[in-house]
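A.B. asks: Okay, here's what each chain looks like letter by letter:
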Amino acid sequence: MTNEIRVPELALVVLIGASGSGKSTLAKRLFRQTEIISSDVCRGLVSDDENDQSATGDAFELVHFLARKRLTRGLLTVIDATNVRAEDRKPLVQIARECYCLPVAIVVDTPEHLCHERNAARADRAFGPHVVRAQRRAMRTGIGKLGLEGFRRVITLDTPEACEQAVLVRERLWTNRAEETGPFDIIGDVHGCYDELAELLRELGWTLRQRPDAPEGDVELEPPPTAATRKLVFLGDLVDRGPKVTSVLRLAMNAVASGVALCVPGNHEAKLLRALHGKNVEVAHGLAASLSQLAAESSAFRARVVAFLDSLVSHYVLDGGRLVVAHAGMKESMQGRGSGAVRTFALYGETTGENDEFGLPVRYNWAADYRGRAAVIYGHTPVPTPEWLNNTLCIDTGCVFGGRLTALRWPERTTIAIAARAPYAEPRRPIAPPETSTARTLQQEHDDVLDHEDVSGKRQINTRLHHSITIRAENAAAALEVMSRFATDPRWLVYLPPTMSPCETSEEPGFLEHPRGAFEYFRANGVTRVICEEKHMGSRAVVVACRDESVVTRRFGHPAATLGTIYTRTGRPFFGDDETTNELLRRIVAAATRAGLWEELSTDWLSLDCELMPWSAKAQSLIRDQYATVGAAATSSLAATVRSLEAARFRGADVESLLRDCTERLDLAERYVASYRRYCWDVGSIADLRLAPFHLLASEGAVHADRTHEWHMNTLARLEGDEDPVLIATPWRAVDLADPASEKDATDWWSDHVGRGGEGMVVKPMEFVVRGARGPVQPAVKVRGPEYLRIIYGPEYTLPAHLDRLRKRSLAAKRSLALREFSLGIEALERFVRREPLRRVHECVFGVLALESEPIDPRL
Amino acid sequence: MLLEITTTHEPAEDLGYLLHKHPGRVQTFPLAFGRAHVYYPECTASRCTAALLVDVDPISLMRGDRNARTLDQYVNDRPYVASSMLSVAIAQVFGTALGGTCKTRPEIAARDIPLIARLSVVPCGGGESLIRRLFEPLGYRVAATPIPLDSTFPQWGESGLFAVSLESTTRLSTLLTHLYVLVPVLDNEKHYWVGDDEVRKLLDHGEGWLASHPERDLIATRYLKYRRSLANEAIRRLREQDGESSEALDAETAEDASEARVERVRNLHEERHATIVSLLEANEATSVVDLGCGEGRLLRELLKRRQFSRIVGLDVSHRALAIAEDRLGLDRLPPTARARIELLHGSLLYRDRRIEDLDAAVLCEVIEHLDAERLATMERVVFEFSRPRLVLVSTPNREYNVMWESLSAGEFRHADHRFEWTREEFRAWADRICRTHAYTCEFTHIGLPAVSPEGHDVGAPTQLGVFRRDQ
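In order, the protein sequence lines correspond to chains A and B.
Just so you know, we're using my numbering here: the first sequence kicks off at 1 and counts up by one.
Just so you know, we're using my numbering here: the second sequence kicks off at 1 and counts up by one.
Hints are supplied without guarantee of correctness; some may be wrong.
Chain A is nowhere near these chain B residues, computed Cβ spacing over 12 Å in every case [as the list claims (entries may be wrong)]: (1) Leu138; (2) Pro148; (3) Arg171; (4) Trp404.
Which stretches of chain A does chain B cover? Using the computed rule of at least three CB atoms under 8 Å from a CB of chain B, they are [to be verified]: (5) 261 to 273; (6) 321 to 333.
Treat the hints as calculated values from the structure; they're not laboratory data.
Here the structure is a predicted model, which is why all the values come from computation and not from measurement.
Virtual Cβ for every residue (Gly too), placed ideally from N, Cα, C.
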């Protein structure tokens, strides 16, 4: 005969029994090895001797530590120790409570003589029978009060046979309904507003079939014909205050009983239940309405109500863990768990211990700190309109106070609301009026200040394109400094551009980079069409342009009176003065308006990836301190040397070859100077600037990573126009990699361009995102011209002796970095477009900056 | 890089003997970083010039340095300018001349002869005046011609590079020695690692002239490339040679150099800290966070006082914290002292829960390093979330800037200052904070208030707001 031991899937199982009672044997048979924490093993770990009683204190610290870690992580844990005294068990019950788990006791009450026999058979248990006797005596005194100690379930195995026949049954927690995938219609606090509820359900597509001659609310509910599996979820507070409490109860009880609805309890249900159980409760906050309406019902109905209310589970985890429903909310550490604390939180939330001016307890804003992955839908606190905050949503819109009754459709995440037919009660605390001063969302207001914990330390960021990307702690630290000291307001930073790798190193004489390398790379990765875009020599600029100033506040949550922002590849404001930024933005917005982009993309903002010329507009100090200084030093030094050598030759010294070398080097130095000069011009006004956008990154509702580069080029070319010389289109060529003529045409185009001193070109797969057979493919590689490379590799890099050595460069690290940064950049945009909390967007751009601090040859 | 040495001593061909290099030949010598060539552009009985051409291989300079992170580590002026590499070349190619020995013409080697040294390109951030300050006390006539940065863009200004000619009647070995020591000092970069050996080299080559040189300390510091312990050791030994005491030297450091240069009086820094410490004491704060603690000077003052049982330093610069940890000797503190102090890497622009339960927060010369548009975030982090009962904020008083001659109008005291406020601007900001976050602010100052030459009250150099949380 088997003996079922039923244990919740997440519990702290405390074995109780004397030495030799067979606890360890039982535990090993019933539980996984990793689930068992044995005090003997811990004693051994801290003292090298499992029987060293002097190590008991340290051993139990370790037992408790491990138990806490496992339970916090949601793992069932078994404590294998004698646990015969109440004081031994007390800390364990406490740990279970802290971790919101149920403590379960399994008492192994093996007859004393059997314990003696077993101990005697073991060499390491050389203690007298008095020990077991004392243990059993201690156990016996406490065993009857285990319930009072806090154990929610006590299982006693009082014979060796009971132990041997015990079979473990793991019970699913009541709160775990992850397999229910809905879809769901989640209904906020009803408070006896039956008419509004019925209307809302019909609005949601449900059919209500009132049973003839039955009281109101005794309905049969049928889901919308288009979604037969749809279920209702009541968020509690069905009762009190309103006019038709019993009708609402009837409907809800029927719906739950017939399996078309789930219901979690509210604080009003809890109090009503206490009242119905005959407890002495204060009849206030609308309880009288429920009691008087129930008084008119039959006692059978009241009994049914009591049974129903008794059966309600604190909260539910639904839809594969993506959705949590609870009356007053549910913080992450409590989700899916069952304990008194969890139930209290579900019913009342948490309070700070202070009272507000209305004498009501101040609620701890758990949603502001919420970081969980599951969306939490809750009610309890009436709000004027439901607003998402950190993936949580309160849908109690105060129907009974004359507000509305709101439902959330899941997974659609849309709300439907029905206005109250009348105010049925007066709120004790006025429902916060809608914010009229600002158009910002609750989330945006909350996002004004980001949290250090959300960016610091080693992090894993999950991206759609590249799975998980690791940010190392030291890189995050570097990013924190750059972000804090130099970057613009995080609300603007919806994207940072990735680094870009050069093409494979060329072996062509005189070239370090050549188009062939790029074409071969993409061909080898299965790409058939690429685009060659002229590489402008300026500075990277990311533009966020809004159609008007209200969009800045509404969409970006930024208070500034401006049309957007322009920032550099590291997130710094591009211009030192707001006036230049604003004027340039006005021109971009005007161009977008002329091109009809707002309507075409159904958006009122755009994010553009651009190059801004001249180079000297941003890099002035770099050009002066770095390039011009090297140029001046090289040309004057070599000119002096050539003069000196010429004098030596004149007097007949054999300096011919030295002179030839130095003359050639002087020529190279002059070409170096000519190279950087080409990218410098004075900027007297905005009209001297040139902005070449090449990616239309995102607009409302869309990240345009699913469009081809041809689309990006053609769409952005429409911003160019006679009206404004500042915005320019980027010349490009499409190349069919199966067609040598097409490839030659693009190569000639490149040669011509760099021959005239151009920087080079960028080669990209025609599709924005390409995953090849061997993993993700570079989103772009650059092919820089030989003269441009002179300012990167030094004036004399083309000397054969130098070039040969420079060819030994490795691109692997740069390419890996480019892919990771690209994925993070796109992820940031996607999260922004989905209106996720700013910290989720910021995490990605912060990640790009962090990766940029990795040491990579800056010449690549 | 080219060095030409000319003599008009007659017979001028003797230069070849002195240098141990035959005027009729072109010779090449291998160096660790390239090659050196010696040839003679002119050689007559009345005038002879020897040229030392140092040919630096730019790619070899980077070899072995896997941590190179910035482009200027790869492409730079090193191959073209007079630097420590020239000194190395002088020592290797003209070693005997540098040592003053000449077997064939010992009497000329020991004699003062007319000499001109021409350096094609000398980098000298200190400008022409520094070149003069270094060489004129040694008896040289100095001509320094500035090299323009780029003739196409004259508005870019000068390059900080000079063509330099030094003329003197002296021994050749003396000239070479001065070049050997002072070229790297002008350049202020060192291409090879500075070790203890360098102190000996400097002292050897400086014998007889460096101890009494008016720029002695600067020469030692720069030659030893700001490695303070080495520099201090050298300066101490030099002072001793000159009969000076070597006390009171260790305190001098390069921290906050630019600000300190402007604010001259180093005491201002200490005065700020003294004021802040006494305010913290008077207000009975026991736990204090120094926001933007930098290299930890204020923390050191706080550590000395038992009243402060919990001291937290927070800074956004990892490097600054590493220096602070070192200077405070955290790993050597006894456990009870160590338990009182904690250094945190963090930012004022992110809410930080690690600093939310302290009595007091100090922002000493910190807010002006934040962009004005981001101040609002810092305000909430400090006054709304951290919310200590006492916040001390010090910041420069811009009105006082007219009192500093080295500051031109409108210029800030430090390159990283994003703004500097007048007293009125500071008050307006503080008043808004008090209204928004329920604090009361009392204003005070640090340093002596002054009256400008025009007769305006310009206040004290530093203004301080003492914010107390309303109960």
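A.B. asks: When the hints from earlier in the document are held up against this structure, which numbers fail?
C.D. replies: Of the numbered hints, 2, 5, 6 do not hold.
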